[in-house]
Amino acid sequence: MTDSINDVTPTRPYMVRAIYEWIEDNYLTPYLMVDATLEGVQVPAEHVQEGRIVLNIASRATGNMTMDNDYINFSARFGGVSRDIWVPIQAVMGIYAKENSQGMFFDPNEYDNYTSSSDTKTAKADDQASAKSKPKRENKAGLKVLK
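Per numbering that gives the first Met the number 0, the sequence shown starts with residue 0, numbered consecutively.
In case anyone wonders, no lab produced these hints; they're calculated from the structure.
It is possible that some hints are incorrect.
Lysine to any residue pairs mimicking SDA-like chemistry, simulated, CA-CA at most 20 angstroms apart [said to hold, decoys possible]:
1) 97 - 46
2) 97 - 39
3) 97 - 59
4) 97 - 38
5) 97 - 55
6) 97 - 14
7) 97 - 24
8) 97 - 18
9) 97 - 20
10) 97 - 75
11) 97 - 58
12) 97 - 21
13) 97 - 37
14) 97 - 17
15) 97 - 25
16) 97 - 53
17) 97 - 27
18) 97 - 36
19) 97 - 23
20) 97 - 8
21) 97 - 61
22) 97 - 32
Please build the complete structure, drawing on both the sequences and the hints.
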């Protein structure tokens, strides 16, 4: 349960999933417009134009797609080379059908005052750890770029 109206989760991840499903159900091609300048976006830089990239996220064009409340992740081919794509939900500017442009674009300020539940849990855990003055373990987990 949330403490106040300000703790309500953003609608963007839910709307992206719903519009994606509607587009696929109607045999159209879902396009995702992404703000490639935001932190955490991993897309082919050579295809970014004016800080944005439009991705074909049709099930037939992607592999291993995951859409959750924080990220959209999938693999896709660019120039015949498979690439892993990571798009934070905050970076999604819109989702629409290629064939008729029907879809939805989002308020760029929707995430300005929102702290995700994982951020809140991390902050609370950090506060508790420093209060008990326990030594912290270095967490080496993460993503690496392999060349």
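Okay, the hints, checked on the actual structure:
1. 97 - 46: holds, 18 angstroms
2. 97 - 39: violated, 26 angstroms
3. 97 - 59: holds, 14 angstroms
4. 97 - 38: With Cα atoms ~27 angstroms apart, residue 97 and residue 38 exceed 20 angstroms; violated.
5. 97 - 55: Holds, at about 9 angstroms.
6. 97 - 14: Holds, because 17 angstroms separates the two Cα atoms, which is no more than 20 angstroms.
7. 97 - 24: holds, 14 angstroms
8. 97 - 18: Since the Cα atoms of residue 97 and residue 18 sit roughly 13 angstroms apart, the hinted pair holds (cutoff 20 angstroms).
9. 97 - 20: Holds - the C-alpha atoms of residue 20 and residue 97 are around 14 angstroms apart, at most 20 angstroms.
10. 97 - 75: holds, 17 angstroms
11. 97 - 58: holds, 14 angstroms
12. 97 - 21: holds, 13 angstroms
13. 97 - 37: violated, 24 angstroms
14. 97 - 17: holds, 16 angstroms
15. 97 - 25: holds, 12 angstroms
16. 97 - 53: holds, 10 angstroms
17. 97 - 27: Status holds; Cα separation ~7 angstroms.
18. 97 - 36: violated, 23 angstroms
19. 97 - 23: Holds. Residue 97 to residue 23 sits at ~11 angstroms (cutoff 20 angstroms).
20. 97 - 8: Violated, because 28 angstroms separates the two Cα atoms, which is more than 20 angstroms.
21. 97 - 61: Since the Cα atoms of residue 97 and residue 61 sit roughly 16 angstroms apart, the hinted pair holds (cutoff 20 angstroms).
22. 97 - 32: holds, 11 angstroms
The structure does not agree with the numbered hints 2, 4, 13, 18 and 20 stated previously, though it agrees with the rest.
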